[in-house]
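Enquirer: Chain by chain, the residues:
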Amino acid sequence: MNTRIIPKEYNYTAPQTLAEALDILKQKNVRVLAGGTDLIVRLKMGSEEAMETMLDIKRIPELKGIAYCEKGAHIGATTALADIEENAEIIKNYPALRDALVAMAAIAVRHMGTIGGNFVNASPVADTAGPVMVYGGQVHLKGPEGERVIPADEFFVGPGKSQLKEGELLTAITLPVQPADSGAAFFKKTRVKPDISKISTTVYVERDGETITNCRIAMGAVAAKPITLPEIAKEAIGKKASKALFAEMAAKVADTIKPIDDIRSTAEYRKAVANVMVAEAFEVAWKRAGGAL
Amino acid sequence: MSKDIQVSFTLNGKPVTYTVAPHTSLLRMLRNNYNYDVKCGCEEGDCGTCTVLVNGESMKSCITLAAQVEGANIVTTKGLTYGTDEIGHMIQRAFVECGSIQCGFCTPGMVMAAKEYIDDGGIADRKAIRKAISGNLCRCTGYVKIVDAIYRVAKDLGREVR
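First to last, the protein sequences are chains A and B.
Position 277, counted from 1, in the first sequence is what my numbering calls 277; the numbers after and before it change by one each time, with no gaps.
Position 76, counted from 1, in the second sequence is what my numbering calls 76; the numbers after and before it change by one each time, with no gaps.
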């Protein structure tokens with residue numbers, strides 16, 4: 001229940017450097033604050049009982065901002081969602097990520113929420129997860145023992161659970177340079193615009209002429225975490241692209257996923273809509289890869 | 001016990017310093033200091049009536065901590081008065097003339113969302129306007145007249161779609 005106040009007393013600290021932040025994280029019961037769009041709501045709900053210290057990481061310059069170089073894009077953990085969607089390099093090179101960002105929440109929330117927060121919150125519905133996973137993105141974690149880099153599709157473990165260990169901070173998300181003749185698309189279904197997804201899908205294809213040479217599929221809100229479907233995606237490789245193939249792939253996805261009934265939707269609806277949505281995402285991804293149908 | 005903190009920022013052009021507990025939201029800090037133009041609605045970031053501009057970007061003050069706005073420039077509807085903010089004035093006049101206000105509870109948030117949309121170069125496009133105010137709930141008007149008002153401001157600024 002929403003208590004309408006923050007019923008919990010705690011110490012607030014906002015260090016300026018990453019080293020200081022990691023030092024504070026060694027203490028007990030520290031919770032990290034970035035955008036606050038999840039944490040503050042949870043506090044008002046009376047959860048986060050154990051929190052003693054709130055660590056605001058938004059004042060650390062090295063965690064913020066987008067850099068693009070020959071290796072790809074480097075997105076700092078506390079970069080606001082709205083700042084990523086407006087970045088020219090992201091729009092040009094990672095349009096599926098932009099699709100996902102623009103479709104998320106309302107603009108006021110996107111000014112606050114961060115990409116690092118969307119990952120660490122580890123919701124099965126996390127909209128940025130699909131695009132980052134299919135683009136072959138990596139998650140950078142820093143802790144007392146140094147830095148770890150893990151592929152985005154291995155980062156999520158379950159609802160609210162990720163590979164992030166106690167004492168570690170997610171510092172950045174990186175995306176590799178995309179090959180020529182590749183494309184990806186993100187689709188989601190909500191009741192009204194700023195809602196959380198009932199279901200989402202991201203499809204990535206690489207093309208050689210009319211043949212699909214590589215394919216990745218990610219789904220949100222159909223399992224306990226954002227998932228990729230490498231076994232099904234493999235079946236598209238080496239085949240000639242066509243609407244019939246895309247429909248066949250969508251049917252396979254709908255058959256494989258095991259969604260549940262919850263407050264946002266039903267398993268039945270999610271399977272039915274996946275059957276249509278995945279095919280649409282294939283079509284747009286294929287067109288973005290420069291392919292004709 | 002948590003220690004109180006001091007938060008200094010610019011509120012509608014004036015520098016202010018408030019002393020608050022670390023578990024105070026921006027919304028509570030503003031209202032506790034007599035800034036009643038910022039309304040308190042759902043308190044969980046859904047309804048948007050508490051929307052304020054932080055460094056020119058709309059944010060929901062109920063899920064922003066007071067401590068997070070240290071050094072920021074905050075504008076609420078009080079900062080959109082005639083003579084100081086021409087666009088803010090145009091928006092408010094359009095809201096009145098288009099009949100966009102019924103109970104008035106959503107209005108401060110709607111006006112701030114409209115202000116951001118117009119400031120960012122928003123055009124007279126009903127679909128884009130509906131997206132821009134999608135984080136603000138209104139239970140009276142059915143949104144049509146609110147969209148009309150923002151559409152009129154964009155049109156008056158010569159931002160028609162041809």
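To be clear, the hints were calculated from the coordinates, so they are not data collected in a lab.
Since this is a predicted model, take the numbers as computed values, not measurements.
Take the hints with a grain of salt, since some may be wrong.
To spell it out: a stretch of chain B is covered by chain A in this simulated footprint if at least three of its residues, at any positions, have a beta carbon under 8 Å from a beta carbon of chain A; those stretches are [said to hold, decoys possible]: (1) 8-16; (2) 78-91; (3) 126-138.
For lysine to aspartate or glutamate, the following EDC-like pairs were computed, each having C-alpha atoms within a straight-line distance of at most 16 Å [what the hints assert, rightly or not]: (4) B/Lys3 / B/Asp46; (5) A/Lys26 / A/Glu166; (6) B/Lys131 / A/Glu166; (7) B/Lys3 / A/Asp38; (8) B/Lys3 / A/Glu147; (9) A/Lys193 / B/Asp46; (10) A/Lys161 / A/Asp38; (11) A/Lys189 / A/Glu280; (12) A/Lys71 / A/Glu52; (13) A/Lys287 / A/Asp181; (14) A/Lys287 / A/Asp208; (15) B/Lys14 / B/Glu97; (16) A/Lys8 / B/Asp4; (17) A/Lys165 / A/Glu147; (18) B/Lys145 / B/Glu70; (19) A/Lys165 / A/Asp181; (20) A/Lys58 / B/Glu70; (21) A/Lys252 / A/Asp208.
Built from N, CA and C at the ideal position, the CB exists for glycine as well.
Enquirer: Take the C-alpha atoms of A/Lys165 and A/Asp181, compute the straight-line distance between them, and say whether it is at most 16 Å.
Expert: 38 Å, violated
Enquirer: Run the distance test for B/Lys3 versus B/Asp46: straight-line Cα separation, threshold 16 Å.
Expert: Violated: B/Lys3 and B/Asp46 sit about 30 Å apart, past 16 Å.
Enquirer: For A/Lys193 and B/Asp46, compute the direct alpha-carbon distance and say whether it is at most 16 Å.
Expert: Holds. A/Lys193 to B/Asp46 sits at ~12 Å (cutoff 16 Å).
Enquirer: For A/Lys161 and A/Asp38, compute the direct alpha-carbon distance and say whether it is at most 16 Å.
Expert: 14 Å, holds
Enquirer: Just to be careful, I want the Cα atoms of A/Lys8 and B/Asp4 compared with a cutoff of 16 Å; is the pair within it?
Expert: Roughly 14 Å separates the two Cα atoms, so the pair holds.
Enquirer: Hinted pair, alpha-carbon criterion (16 Å max): B/Lys131, A/Glu166. Please report holds or violated.
Expert: This hinted pair is violated, its Cα atoms lying about 39 Å apart.
Enquirer: Regarding the pair A/Lys165 and A/Glu147, is the alpha-carbon distance no greater than 16 Å?
Expert: OK: A/Lys165 and A/Glu147 at ~12 Å, within 16 Å.
Enquirer: Is A/Lys252 close enough to A/Asp208, meaning Cα to Cα at most 16 Å?
Expert: 23 Å, violated
Enquirer: Check the hint pairing B/Lys145 with B/Glu70 against an upper bound of 16 Å on the C-alpha distance.
Expert: 36 Å, violated
Enquirer: Taking a Cβ-to-Cβ distance below 8 Å as contact, does the region 8-16 of chain B have at least three residues touching chain A?
Expert: violated (count 0)
Enquirer: Verify this for me: three or more residues of the region 126-138 of chain B with a beta carbon less than 8 Å from a beta carbon of chain A.
Expert: The restraint on the region 126-138 of chain B holds, since 6 of its residues have a Cβ under 8 Å from chain A and three suffice.
Enquirer: Between the alpha carbons of B/Lys3 and A/Asp38, is the straight-line distance 16 Å or under?
Expert: Violated: B/Lys3 and A/Asp38 sit about 24 Å apart, past 16 Å.
Of the numbered hints listed earlier, those contradicted by the structure are 1, 2, 4, 6, 7, 8, 12, 15, 18, 19 and 21.
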